[in-house]
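Chemist: Sequence:
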Amino acid sequence: MRVLLYSDLTPATIPGFNKLRTTLEAGNFRQADVRKIGDNLYRARLNKRDRLLFSLYRHDGETCCLLLEHIRNHAYAHSRFLAGGAVIDEEKIPLLSTPEEAPTEALDHLHPQRERFHLLDKILSFDDEQQRVYEAPPPLVVIGSAGSGKTALVLEKLKLTIGDVLYVSLSPYLVTNARDLYYAHGYDNADQSVDFLSFHELLESIQVPEGREITQRDFQAWFQRHRQRSGLNDPHKLYEEFRGVITGPVTERGWRSRDEYLELGVKQSIFPEAERAQVYALFQRYLTFLDEVGLYDPNLVAHRHLARVQASYDFVVVDEVQDITNVQLYLILRTLREPGQFLLSGDANQIVHPNFFSWSSVKSLFFRERDLVGHGEVVRILQANYRNAAVVTALANRILKLKHARFGSVDRESNYLVHSAADQPGRVQLLEDSDAVKRELDTRTARSTRFAVIVLHPEQKAEVRRWFRTPLVFSIHEAKGLEYESVILYNVVSSESRMFRAIAAGVDPAALEQEELAYSRARDKRDKSLEVYKFFINALYVAVTRAMRNVYLMESQPAHPALALLRLERLDGELALEQDDSSLDEWQREARRLELQGKEEQAQAIREQVLGEQPVPWTVLDREEFAVSREQALEGGGKKQRLEVFEYALLHHHRPTLNALAEVGFKPACQPESKAVRQLHRNRFMSYEMRNPTAVLKDTERYGVDHRTAFNLTPLMIAARLGNAGLVAQLIERGADPTLTANNGFTALHFALEQAVIDEGYARRCLPKLYPLLAPASVGVQVVGRLVKLDRRLMETFLLELFQVMFYRHLGPAQSVGAGYTAQDIERWVAALPERVLPARRKRRPYISGVLAKNELRRDDRYNRKLFLRLQRGHYVLNPTLKLRHGEGWLALHERFPLEDLGIARIDDELAAQTARWYGPEQLRTYNRRRELVLEDFRRRLPSLADDLKT
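Numbering (my numbering), first residue to last: 563 to 1513.
Hints are computed from structural coordinates only; laboratory data are not their basis.
Errors might be hidden in some of the hints.
[Stated by the list, open to error] Here are the in silico distance ranges between beta carbons for each label pair:
#1 798 <-> 1073: 39 to 47 Å
#2 1179 <-> 1434: 46 to 54 Å
#3 1031 <-> 900: 49 to 57 Å
#4 1072 <-> 724: 51 to 59 Å
#5 974 <-> 839: 29 to 37 Å
#6 900 <-> 822: 28 to 36 Å
#7 1232 <-> 1179: 29 to 37 Å
#8 693 <-> 662: 52 to 60 Å
#9 839 <-> 773: 23 to 31 Å
#10 798 <-> 1126: 23 to 31 Å
#11 786 <-> 1249: 50 to 58 Å
#12 1409 <-> 773: 46 to 54 Å
[To be verified] Think about it this way: if two alpha-carbon atoms lie no more than 25 Å apart in a straight line, the pair counts; the simulated DMTMM-like pairs of lysine to aspartate or glutamate are:
#13 684 <-> 662
#14 1000 <-> 1040
#15 829 <-> 975
Built from N, CA and C at the ideal position, the CB exists for glycine as well.
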């Protein structure tokens, strides 16, 4: 049996390793005392105390043993790979005698000689070129097609770095996915601190821009108003000229002057000299437009931020670098403490964003102008494709050959073809755009999450929807970054017949039969064909490579010269395609995935067309509705109305309402909280406590997985509050959003954490399973006008969440006497939390005090995140000027957690001063006008409140 070692495993430090390895290679499981302890997780006995954890796979008909981890002293609870703090009773687990007794998973790719493997969310075995990149020092440029494993390789290489590290890309979804891959299976590296930021977040981390970033849709709407007067007619071409040519380079003022622009060489602009005056006149109107409507251009912000950015990273990775402009890249590299400590990764053949990108301009900017000295071969090219079927890769290669034959080599770095390493069947077919074919294709694909339709331009989606019922219809810009098992390209060539005829003009079919691309630049420097047609040929390439297995090109002009050059098999018979219907669960997951990628239109279409979600038939009690009901209930409302207000106040811990109801003699409000909560759960949420919560899941199918109950809670919030980890997992799997908030500002995590703090049994039984499901990968807060992105792994992040959780239960009573949160309070609250949620070292008072002091608003410290305000010695509150991320915008801390909900009017002087600077004096006067009456009332009730808290 072949035995391989995880890259993090150090055999020299493991007693008895070589002997055990020899035993496993011989397949002698009985001698190795092998027992199965998890899903494809086995342990072998090293000695009396220590164990070796491994997995079994099959590759090329051979069983392979992949050694993962050294378990010291039976400490299974500390294993990276055994979730939930596993407790293993070895004596109750049967012994395995041979590898044949264990089920094995298939492994697609495994290097035939190399014994080391890597691990993200799955096993990685690098090919020879990937290994050379992995071992190469920076600076480094890694070029590879979609499916070449660039991101996985980059993330593994990132693990070799030390110090402060930045991973940045234009796509927020790619960044989030990369972060989750990086920390999969509990990976930890004490020698580094990694920030995973989208470029938008990087701008915000320097200073949050005012307004909203302009989109291509905004630009096209603006352009339509100027089309006739300007004499120009291509908004995409103009947008690329603004982004890539006028504002993209590094200049002193943020954009090229009119004279500089008009004097550009013939290869430095998309437009001929005769049209540039009109282009620049329109650009000046564009600048005015941005100011008038409160939008911003990221290039212009990047220029302004060059004066503010600080060198704060020891290593930088830029993924999908072809999507960003030179000035954006220059800003990113300015964050480096030492020039040259970077890795760039991308593929120029996938450029559909307007940025005038070229590898030559990147090299010129960062190797010549910054005098960066390379170590030899800086550029590395990955030519293997592990994602797309061989026939799909062959078509993609033929598109690259057409591009090369027509325009010559774009640059040396993009002058390569790809070979498929994917062992899976596939199909590429050319279909004539006929009503019969469209009806048949729609019948077989309308209910499948594995089929998507791609068009060239957004306006073509309306035509597609006349024939195809699937909600998975994307323009090429929307499709970039997505992948589906099968894609239908709808009139991608025929809809731009003239453009693709120009691309195919004069191309010798024999030139597309070569196996390699010879480097040759276009002879005529005045020929702007590539710049003019680049979007169309790249768009076709990107559209094809979205398919992992099957590509169906539906064209109204199947005999088009460009299609003839691609040598596509035209389908004359029946479609060899089985009907493929996905479950409602799969559609719910797809809607959530698209939502996370910013594809709101398609996500909403899924909910309306496939899931058939309906509005809830009950009234949802939002904050405004509650305020009205509360006033009516307290002024003489009936028992039913008072009960509803009381239950709302219990769920949201609205202490002023609970106190007011007790004062008017409402009996449920006079009993202990624990008894009232049990009654509430029986009355309202019994279905959420069942092991098989069929009624809850049916409601999510009927009203949506994130529908609101009468108290404005989502099903996920209720399931989290009740500790039903199985239901939480099902809701998350169906696409429930853990970041949504209740009326009191709580997320599902806050409800779970609150219960864990007040109920030790809940903390022990429920929280270990709930926390990893509900805790966000990161939390964004705005501090002093800058984004601070807090990773889930930081103690600061936990304290931020905990302070919000205890806002209602603790801060109200504390503030009545001028106090806040203390390390002693926190130590008491977290004492019962399981090790998997908060390690023991982080529960100690000195450690907690250190974190609070380090991040205190007035402390002068390079790593101070300014999260907390010290009211007096040892007493802290959240920095009142904080803003919390709210969708695409921001919400002030005390808009989400209103101080008036605490039932106090006066706040500490320092807190008041901070609040006044943010909210203004009028709101502060409102607080203080109520000071004497409410504060006196609050102190009078303090003893009973203290009793309630103890309960």
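Chemist: Okay, which hints does this one fail, numbers in order?
Modeler: 1, 8, 12
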